[in-house]
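Asker: Its first residue numbered 1, the sequence shown is counted upward by one per residue in this note's numbering.
Think of the hints as simulated: they come from the structure by calculation, not from any bench. Beta carbons are placed, not taken as given, at the ideal position from N, Cα and C, and that holds for glycine. Among these hints, one or two may not hold up.
[Unchecked claim] What follows is a set of in silico ranges between Cβ atoms, one per label pair, in the way DEER data are often shown: (1) R65 with D33: 23 to 31 Å; (2) H32 with A66: 29 to 37 Å; (3) F7 with A66: 16 to 24 Å; (4) D33 with H10: 17 to 25 Å; (5) R31 with P53: 17 to 25 Å; (6) F7 with G41: 16 to 24 Å; (7) R65 with D16: 29 to 37 Å.
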Amino acid sequence: MSPVEPFLVHIRCDTDGYTHAVTEDEFAAGRHDGRFRAVCGHVVLAAPMIEEPGRFDPVCRDVLRAVPSAAVPEQERRRLRWRSRR
């Protein structure tokens, strides 16, 4: 069995306008206060989700390119639980 790659969430920061890569664990840890630590180390203050994505943060991009295992995995579309019971 192959190792599981981390899922990344891309969140636009309200303070710098960049879209940052945040791991699933960091997203879960910061979901109540809306602050997330990105892979680049920046603390992201989430912009309203109606905002369009900004430019991708160059530091996050460099971190993801430097570590091959941190590449964005292909994500399958997940079915909603209530629909899967039919």
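Asker: Hints first: check each against the structure and report whether it holds.
Answerer: Verification of the supplied hints:
no. : hint                     : in the structure
1   : R65 with D33: 23 to 31 Å : holds, 30 Å
2   : H32 with A66: 29 to 37 Å : holds, 31 Å
3   : F7 with A66: 16 to 24 Å  : holds, 19 Å
4   : D33 with H10: 17 to 25 Å : holds, 19 Å
5   : R31 with P53: 17 to 25 Å : holds, 19 Å
6   : F7 with G41: 16 to 24 Å  : holds, 19 Å
7   : R65 with D16: 29 to 37 Å : violated, 20 Å
Consistency with the previously given hints fails for number 7 only.
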